[in-house]
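*Asks:* Chain by chain, the residues:
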Amino acid sequence: MIKERFYGEIPENFLILDRNEAAARLKVARDYSNELIESCEARLRRSLKCGYTGVLTDIEYGDDCCMDFGFGPVNSTALYDNLNGAGEAYIFAVTLGYDVDILIEKLSVISIAEHFITDALASAFAESACDYAEKEIKGTAVCGRRFGPGYADLSISVQPQILRLISADKRLNIKCNNSYLLSPSKTITAIMGKKQ
Amino acid sequence: MTDLRILISESRLYCDGGFGSYLQSIGLPAGTPPEAWNLTHPEKIVELHRAYVEAGSNLITTNSFGVNKDKYTNYEEYIAAAVKCAKTAIGNNKNCFIAFDLGPSGRMLEPMGDLSFEDAVELFGANVRAAVKYGVDCIIIETMNDSYETKAAVLAAKENSDLPVLVTNAYDKSGKLMTGATPEAMIAMLEGLKVDAIGMNCSFGPDMMLSLVERFAANSSLPIIVNPNAGLPKIEDGKTVYSFSSDDFASYMRKIAIKGATILGGCCGTTPEYIKKTIQATRDIPFVKPSQKNITMVSSYTHSVVIDDKPILIGERINPTGKSKFKEALRNNDINYVLNEGIRQADKGVHILDVNVGMPEINEAEMMKTVVAKLQSVTDLPLQLDSSDPSALEKSMRIYNGKPMINSVNGDEKSMQSVFPLIRKYGGAVIALTMDENGIPETAAGRVSIAERIINKAREYGIEKKDIIVDPLCLTISSNQASALVTLEAVRILKERGCKVSLGVSNISFGLPAREKINSSFFNSALENGLNCAIMNPFADGMMDVYYAYMALHNMDKACEKYIAYASEQTVTEKVQKSQKLTLYDAIVKGLKDSAVPAVLELLESEEPLDIINKYVVPALNDVGISFEEKKIYLPQLLMSADAASAAFEKIKVKIPQNKSDDNKKIILATVKGDIHDIGKNIVKVLHESYGYKVYDLGKDVPPEKIIECIKTTGCKLVGLSSLMTTTVPSMAETIEIIHNDFDDVKVIVGGAVLTRDYSEKINADGYSPDAMGAVKLSNSFYDKSF
Chain H
1 MIKERFYGEI
11 PENFLILDRN
21 EAAARLKVAR
31 DYSNELIESC
41 EARLRRSLKC
51 GYTGVLTDIE
61 YGDDCCMDFG
71 FGPVNSTALY
81 DNLNGAGEAY
91 IFAVTLGYDV
101 DILIEKLSVI
111 SIAEHFITDA
121 LASAFAESAC
131 DYAEKEIKGT
141 AVCGRRFGPG
151 YADLSISVQP
161 QILRLISADK
171 RLNIKCNNSY
181 LLSPSKTITA
191 IMGKKQ
Chain C
1 MTDLRILISE
11 SRLYCDGGFG
21 SYLQSIGLPA
31 GTPPEAWNLT
41 HPEKIVELHR
51 AYVEAGSNLI
61 TTNSFGVNKD
71 KYTNYEEYIA
81 AAVKCAKTAI
91 GNNKNCFIAF
101 DLGPSGRMLE
111 PMGDLSFEDA
121 VELFGANVRA
131 AVKYGVDCII
141 IETMNDSYET
151 KAAVLAAKEN
161 SDLPVLVTNA
171 YDKSGKLMTG
181 ATPEAMIAML
191 EGLKVDAIGM
201 NCSFGPDMML
211 SLVERFAANS
221 SLPIIVNPNA
231 GLPKIEDGKT
241 VYSFSSDDFA
251 SYMRKIAIKG
261 ATILGGCCGT
271 TPEYIKKTIQ
281 ATRDIPFVKP
291 SQKNITMVSS
301 YTHSVVIDDK
311 PILIGERINP
321 TGKSKFKEAL
331 RNNDINYVLN
341 EGIRQADKGV
351 HILDVNVGMP
361 EINEAEMMKT
371 VVAKLQSVTD
381 LPLQLDSSDP
391 SALEKSMRIY
401 NGKPMINSVN
411 GDEKSMQSVF
421 PLIRKYGGAV
431 IALTMDENGI
441 PETAAGRVSI
451 AERIINKARE
461 YGIEKKDIIV
471 DPLCLTISSN
481 QASALVTLEA
491 VRILKERGCK
501 VSLGVSNISF
511 GLPAREKINS
521 SFFNSALENG
531 LNCAIMNPFA
541 DGMMDVYYAY
551 MALHNMDKAC
561 EKYIAYASEQ
571 TVTEKVQKSQ
581 KLTLYDAIVK
591 GLKDSAVPAV
601 LELLESEEPL
611 DIINKYVVPA
621 LNDVGISFEE
631 KKIYLPQLLM
641 SADAASAAFE
651 KIKVKIPQNK
661 SDDNKKIILA
671 TVKGDIHDIG
681 KNIVKVLHES
691 YGYKVYDLGK
701 DVPPEKIIEC
711 IKTTGCKLVG
721 LSSLMTTTVP
731 SMAETIEIIH
741 NDFDDVKVIV
751 GGAVLTRDYS
761 EKINADGYSP
771 DAMGAVKLSN
781 SFYDKSF
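Those protein sequence lines, which keep their order, are chains H and C.
In terms of my numbering, the first sequence has 135 at position 135, counting the first letter as 1, and numbering is strictly consecutive.
In terms of my numbering, the second sequence has 705 at position 705, counting the first letter as 1, and numbering is strictly consecutive.
It should be emphasised that the hints constitute simulated quantities derived from the structure, not laboratory data.
Please note: incorrect hints may appear among the correct ones.
To be verified - Derived lysine-lysine pairs resembling DSSO-like cross-links, with alpha carbons at most 27 Å apart:
1) C:Lys615 - C:Lys632
2) H:Lys195 - C:Lys239
3) C:Lys84 - C:Lys133
4) C:Lys69 - H:Lys170
5) C:Lys234 - H:Lys135
6) C:Lys694 - C:Lys655
7) H:Lys27 - C:Lys632
8) H:Lys194 - C:Lys239
9) C:Lys777 - H:Lys27
10) H:Lys49 - C:Lys374
11) H:Lys138 - C:Lys234
12) C:Lys234 - H:Lys3
Model the full assembly from the supplied sequences, consistent with the hints where possible.
*Replies:* If you want it as structure tokens, here you go:
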């Protein structure tokens with residue numbers, strides 16, 4: 001059963017880019033300094049339209065690492081271990097919005113360097129947005145680590161059910177295609193067990 | 001029976017409200033879709049409808065929001081049951097009508113998603129056909145938060161029924177749809193598609209909709225629908241509750257009605273009580289019919305462009321006429337070249353892009369459709385679809401996301417008969433050329449007379465004068481020196497008669513030297529005579545100088561802000577070019593594209609093109625490659641160098657005689673079927689191009705058959721495949737097997753994040769590289785026979 005619903009926007013200036021995360025995705029040294037990367041970041045920030053939507057829901061456990069979050073049974077040993085018997089879970093999605101996809105598509109035509117840099121920075125920003133949403137959603141609650149569909153043995157085929165549960169389509173226009181890839185492309189879904 | 005179209009336009013009507021909250025209160029389990037009860041608990045659905053009928057709703061929406069044939073194979077059964085429930089509830093009540101509810105598909109349309117536009121039209125069309133079969137009074141398309149999906153639904157409704165079509169979109173707090181459209185953009189598109197009423201629903205409460213209603217009332221001539229939520233939802237004691245009480249809701253709905261909304265109802269969280277109180281709060285407000293607006297507007301998927309006092313620049317560079325490189329790009333299906341022309345013009349500040357891809361050797365209609373779709377994925381400017389081929393116009397107008405400008409129609413009866421039906425169906429503003437089967441009149445009066453004939457004929461098709469933009473035609477002064485004066489006189493007369501006017505300004509100087517001098521002076525004269533739109537070259541500095549100066553001088557540029565920004569940018573660019581003067585080698589090594597171009601242009605004045613490649617470009621790239629391998633520089637710097645080399649190579653290529661180009665080095669690149677990631681493949685492409693390779697880039701999600709076809713048509717013996725996802729590596733294995741089965745002499749090299757050398761050997765790839773530089777080395781070894 002859904003206990004709480006969460007929905008919010010994330011102002012661009014609230015997002016702090018984790019330079020380590022960015023460096024890893026850009027495949028550069030952590031102390032990188034590059035004029036083009038800086039200008040790509042500034043332009044990307046202007047395209048960000050971040051939002052999150054999520055729920056706090058009960059977890060019911062069955063046999064063989066089977067769990068139910070309110071949208072039918074899910075089997076995953078890794079997620080089962082991660083939840084560690086938690087009775088409730090936060091399930092949420094975070095997106096950077098469609099303007100980022102349009103910007104990246106445009107850059108694929110005009111500059112491979114800016115395309116690569118912007119795509120990498122956007123992925124890093126998506127993680128920052130996820131960190132921000134996590135804090136907003138859980139408040140002072142103590143939670144386990146975020147766990148996402150596609151990680152370990154949690155199939156990405158649960159994406160449609162997750163999106164439906166958290167009203168991601170209605171709130172943020174997040175859609176799932178036939179290969180379970182999400183639009184906007186810089187979108188993350190996560191499950192996070194709430195400790196008692 | 002009462003004509004619902006007349007009722008909609010001449011009286012206030014009331015929709016019903018939310019379904020979910022009400023149904024849950026009478027037992028619908030959380031997580032069960034409301035439409036399930038059409039089949040299992042029809043009596044409950046009838047009870048819900050009946051409650052709204054008793055509250056005073058006139059438009060009873062079928063319980064079919066979530067039904068489509070993608071979700072339910074027995075969708076028709078659901079729709080039949082939904083319609084039956086509504087009919088049962090209404091009975092013989094003559095004040096009630098059944099509105100078939102068409103909700104979003106739940107999928108994203110291409111290019112952002114994987115649902116094609118035509119598949120979306122068919123998906124909605126199947127619903128509409130079923131609704132018509134079981135008998136409904138109108139169609140309400142609701143909660144759409146994407147303009148393209150909205151257009152698909154409207155076309156489906158129009159092509160499968162002759163019922164009134166009502167459309168409400170879900171706007172967010174910024175007043176836009178999730179994919180970026182403003183209310184004005186939606187008004188332009190939906191009025192063009194000739195729907196019967198437009199507005200908004202869902203998202204938030206009535207308080208947030210007040211300002212949106214003002215914008216609708218100011219810009220739309222159609223009845224306005226407002227169906228808000230009862231505020232925002234929250235969970236209390238395990239139940240979803242909303243922030244607005246029925247009294248607060250009704251009080252805001254009164255304000256909304258006063259601002260001009262004529263069809264009122266509710267969405268999530270509202271119940272029959274909310275509707276009843278809304279009716280009580282608004283029934284004494286006199287009905288005011290929406291006024292006809294005389295706004296000439298075109299739109300993209302994000303915004304509208306109003307053609308009024310401020311001059312509008314229409315970029316003319318997407319056109320093969322007189323451009324050998326552009327023609328070559330079209331022949332080679334090099335869409336990126338065309339897209340680049342669009343992006344560069346957009347960056348120069350044009351408001352609309354003209355798109356003309358007509359040339360004899362290609363299928364213009366297919367190319368037009370492709371280019372328009374791709375352009376809309378990289379620029380949000382409205383497009384002017386420019387073709388004399390009605391099928392090219394039809395195909396591109398159909399898939400265009402917004403209300404396009406059409407170029408053009410003329411006074412010849414055949415032209416009007418082929419173009420006007422398209423505008424009537426898809427919407428659009430059209431450039432009307434003042435010529436007919438007898439040619440171009442020599443006098444201004446003659447041209448004005450043709451314009452009036454076109455406007456009158458358009459009216460017969462239901463196309464208003466505001467959507468006709470007259471082009472009185474520029475004829476070069478090199479053959480008739482009085483022609484500029486005739487054109488300017490025609491502009492003046494047309495403006496006096498309330499027409500909007502456009503000109504292809506550059507034609508005035510055809511056949512003369514230093515054309516920009518004549519063009520810019522004529523452009524200024526035309527603006528002074530009231531010209532609204534200029535189809536022009538934004539890379540001609542003289543033209544842009546005139547535009548910004550005109551705006552500043554005519555009090556159309558507040559505090560001269562745009563002029564100052566423009567003038568400052570010119571100065572900065574000149575200074576940067578002077579300060580960054582580098583050799584071509586240094587420009588490439590440092591990854592400075594803007595410095596590489598002037599450097600290569602200077603070299604081309606004194607050295608042979610192939611010598612420049614061998615002496616500067618290749619050594620620079622090799623040195624950059626070594627630095628990358630030694631981890632002295634990183635991937636972004638390598639790519640910046642590749643960008644700089646590519647920019648230089650583009651300039652060199654033009655100067656290489658056809659018989660001297662190195663046609664032997666070529667490669668086919670593709671991301672395999674099922675995989676939509678292409679950054680890695682694109683990096684490999686650019687590096688190969690930098691090294692002078694001819695690259696046949698087949699894109700992403702490429703089926704093996706397409707690669708086989710490309711090998712056959714190009715004779716290319718080297719294929720590079722990319723795959724990023726573990727789920728698509730089997731597709732790579734299958735592709736390699738098919739290639740090797742069909743061709744003994746074709747080699748396949750592979751790469752991608754999830755691949756390893758071991759795995760590449762298992763799937764019988766002929767070569768593997770973990771990075772783009774390695775891929776170039778593999779290709780080089782293929783061509784120097786050391787592979």
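*Asks:* Of the numbered hints stated earlier in the document, which are not met by this structure?
*Replies:* none
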